[in-house]
Every structure is written in structure tokens, then in C-alpha cells.
Amino acid sequence: MSQTALELKNVCKLYGPHAARSLERYRATGRLGPGSSMGVWEVSLTIPRGKTSVLMGLSGSGKSTLLRLLNGLHQPTAGSIRVGGTELSTLKRQQLVRLRRKTFSGMVFQGFALLPHRTALGNVAFGLELQRVKKRERLARAHTALELVGLGGHEHRYPRDLSGGMQQRLGLARALTLEGDILLMDEPFSALDPITRRELQAELLRLQERVQKTIVLVTHDMEEALKLGDQIALLKEGRVQQVGTPEEIVSRPANAYVAAFVAGVDRAALLTASSIMAAPTLAEHPARQHPAHEHWVSPETSLADVLRITSQNTATLSVLSAEGQLLGTITPQNVLAALAANPPNTQLKRSL
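Following the numbering used here, the numbering of the sequence shown begins with 77 at its first residue and continues without gaps.
I should point out that these hints are in silico values taken from the structure, not numbers from a laboratory.
It cannot be assumed that every hint is accurate.
EDC-like mimics (lysine to aspartate or glutamate), calculated; alpha carbons at most 16 Å apart, straight line [said to hold, decoys possible]:
#1 K303 x E323
#2 K303 x E263
#3 K127 x D257
#4 K85 x E118
#5 K168 x E205
#6 K127 x E163
#7 K289 x D306
#8 K127 x D306
#9 K210 x D237
#10 K289 x E324
#11 K289 x E279
From a predicted model like this one, the values you see are computed outputs, not experimental measurements.
Turn these sequences into a full structure, and let the hints guide you.
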């Protein structure tokens with residue numbers, strides 16, 4: 077099976093009565109036609125299978141538009157979207173419906189989108205009912221999903237009797253009953269209070285470790301993106317500014333806009349030895365084993381732990397692989413440079 081779940085190439089989405097004509101005009105002149113607006117522009121992105129990819133940006137950046145393009149709810153004005161190797165633009169309506177049912181676990185919204193007249197069990201089983209799954213099987217799968225999200229024992233309660241956090245767990249359980257590999261989440265925790273939000277973020281991490289779905293999550297919260305994402309795509313005005321791991325985004329921002337987003341991030345908690353080390357010189361013999369290095373750390377050691385070690389001993393640290401190979405070195409100067417905040421862009425910060 078391919079390690080790529082979704083692939084976008086040069087995807088554009090324009091809104092308006094003459095979107096295709098506006099696209100050509102924009103390419104030629106840099107201006108949209110009358111009545112047209114930009115959703116996303118020339119987005120190329122690979123979504124890895126079994127990982128959590130975050131679409132991050134301010135309101136109007138195109139992240140929710142992009143999410144709806146992924147499962148065919150919106151059609152691109154130009155470009156290619158492939159789901160598991162299938163080009164969406166080649167599918168007829170019924171083929172697209174079948175692909176969604178087979179490949180996607182549905183979408184989790186910030187507004188919960190629960191049916192008020194159905195119990196928790198009935199809400200979770202609803203998607204399976206639409207797919208005409210037999211009653212015994214759909215109830216069994218719904219029970220399993222409720223247990224998975226910590227709502228066992230609440231099967232017969234109605235949404236009005238549940239807290240906001242429990243309602244969002246219910247929405248997540250409904251998505252988990254479906255067998256598709258891809259789960260789309262549009263700002264799922266933004267309507268929750270901070271404590272409940274952190275609890276559900278931790279719950280999602282726990283669930284993902286168990287179910288290993290391909291999750292595409294939209295958020296405007298950088299802290300949430302860094303906590304949940306294996307990969308982050310940061311958008312501005314419909315364009316991708318940078319794609320990378322949380323460490324890459326924080327330690328090597330592509331431009332001033334990205335740097336402004338990550339300026340307040342606790343770098344000591346996020347960065348690791350591998351992201352701040354310097355490459356070894358030839359004189360340091362990369363093949364050395366552990367005993368030759370009095371002071372060493374693994375690549376996964378947090379910057380906070382590296383800081384603690386270097387504060388007690390000013391010697392250069394070696395970064396060693398599990399096999400004892402020298403991967404790099406860390407000096408106190410490397411640590412200080414890594415801890416230094418990205419220089420703020422005052423004008424950009426005001427816009428954020």
C-alpha cells in the first residue's frame with residue numbers, strides 16, 4: 077500500500093460565476109475578474125498515510141476550503157487531487173459517493189452536528205444506518221466506538237444531556253464507526269473551554285496511537301497544531317507558506333510570516349537534539365561508539381534536557397544513534413542559538 081493517502085498538485089479554487097475565466101485572467105494579470113474571490117491558489121501537498129496532517133492559518137487563509145476539496149465536497153477550478161491514487165476529477169457523482177464511503181471516516185466539525193432526537197448510541201450508529209449496515213452490526217460497532225472515546229455507559233443519553241466535551245467525543249465516535257482510513261476534522265476543539273480542549277487533544281493523540289488513521293485537521297491555533305500534527309501546512313490568503321514537521325516549522329521558518337506564528341512557542345519543550353546539533357567534522361570520526369564519548373545524548377533528547385546537561389557541564393555534547401554512530405555535536409552556543417526566539421516582525425504581529 078502506498079504511504080501517500082492524498083496528493084494535491086497545483087490546486088486552485090476560485091469562487092464566482094466565471095471562475096475558470098477569472099483563473100486565466102489572474103494568471104495573466106494578477107487580478108481576479110468581477111465577482112470572483114480566491115479560495116486556494118496553486119496548492120501542492122502530500123498527505124502521508126496513518127499520520128496527522130494539520131492545515132493551519134488565520135480566518136480566510138483557505139484551510140477549510142482545502143479540507144472540503146479533499147473529499148470532493150468542493151470541486152477545484154484547476155489542478156489535481158488524488159485519493160489513494162484515484163483522480164477525483166475523473167469520477168462521476170455515484171463513483172465519488174462510493175469512494176467517500178470506502179475511504180473517508182467522515183468529518184468532525186466544531187459545532188458537533190449531532191441529531192438532537194437521537195441518543196448517543198443512535199447518533200454514533202447513524203452513518204452506518206445510511207450505509208445500510210445491519211442493525212446488530214451497526215449497534216455493536218457504535219458500542220465499541222463509544223467505549224473507545226470514553227463514553228461507555230452513556231449510550232442512552234441525548235446530546236442535550238451531555239457537556240460540550242462529551243458531545244465532541246460523540247462526534248468523534250461517530251466518525252470512528254466508519255471504516256474509511258481518512259478522518260477530516262474542521263476546528264473540532266475551538267468551541268470548547270481550554271481545559272476540555274486540552275483533554276480532547278490528549279484523547280485524540282491516544283486514539284491515533286491506537287487506530288492509526290490518516291487525519292487532516294484544520295486549526296488556527298499554533299499550539300494545537302504543534303501538539304497534534306506530524307506534518308503542518310501553514311497557509312496565508314490561499315497559498316501554502318511552509319510544509320514541515322513541528323520541529324522544522326519552529327526551528328527553520330520559511331519566511332517572516334511563519335516566524336511570526338512561532339515566535340511565542342516554547343522551543344525548549346518542542347525542539348530536540350537532532351534539530352539543533354551541528355554536523356560532525358571528519359576529525360570527530362562518525363563511526364565512534366558510546367564509550368569514546370563521555371558526554372552524549374540521543375537525537376530524541378529534548379532541548380530542555382540538553383539545556384539542563386549543558387548547564388552542569390560546558391563540554392561539547394555528542395549526539396549518538398542507538399548503534400553508537402556520531403550524528404552531530406552540540407555546544408553551549410548551539411543551545412543558546414536554539415533558545416533565541418525568532419525575531420518578531422512588528423507589522424506582521426499586528427496583523428496576526
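Hint by hint, here is what the structure shows:
1. K303 x E323: Roughly 11 Å between the alpha carbons, so the hint for K303 and E323 holds.
2. K303 x E263: holds (14 Å)
3. K127 x D257: holds (11 Å)
4. K85 x E118: Cα-Cα ~7 Å, so holds.
5. K168 x E205: The given pair, whose Cα atoms are some 24 Å apart, is violated under the 16 Å limit.
6. K127 x E163: Violated: K127 and E163 sit about 21 Å apart, past 16 Å.
7. K289 x D306: With Cα atoms ~12 Å apart, K289 and D306 stay inside 16 Å; holds.
8. K127 x D306: holds (6 Å)
9. K210 x D237: Distance of about 28 Å is beyond 16 Å: violated.
10. K289 x E324: Roughly 23 Å between the alpha carbons, so the hint for K289 and E324 is violated.
11. K289 x E279: holds (14 Å)
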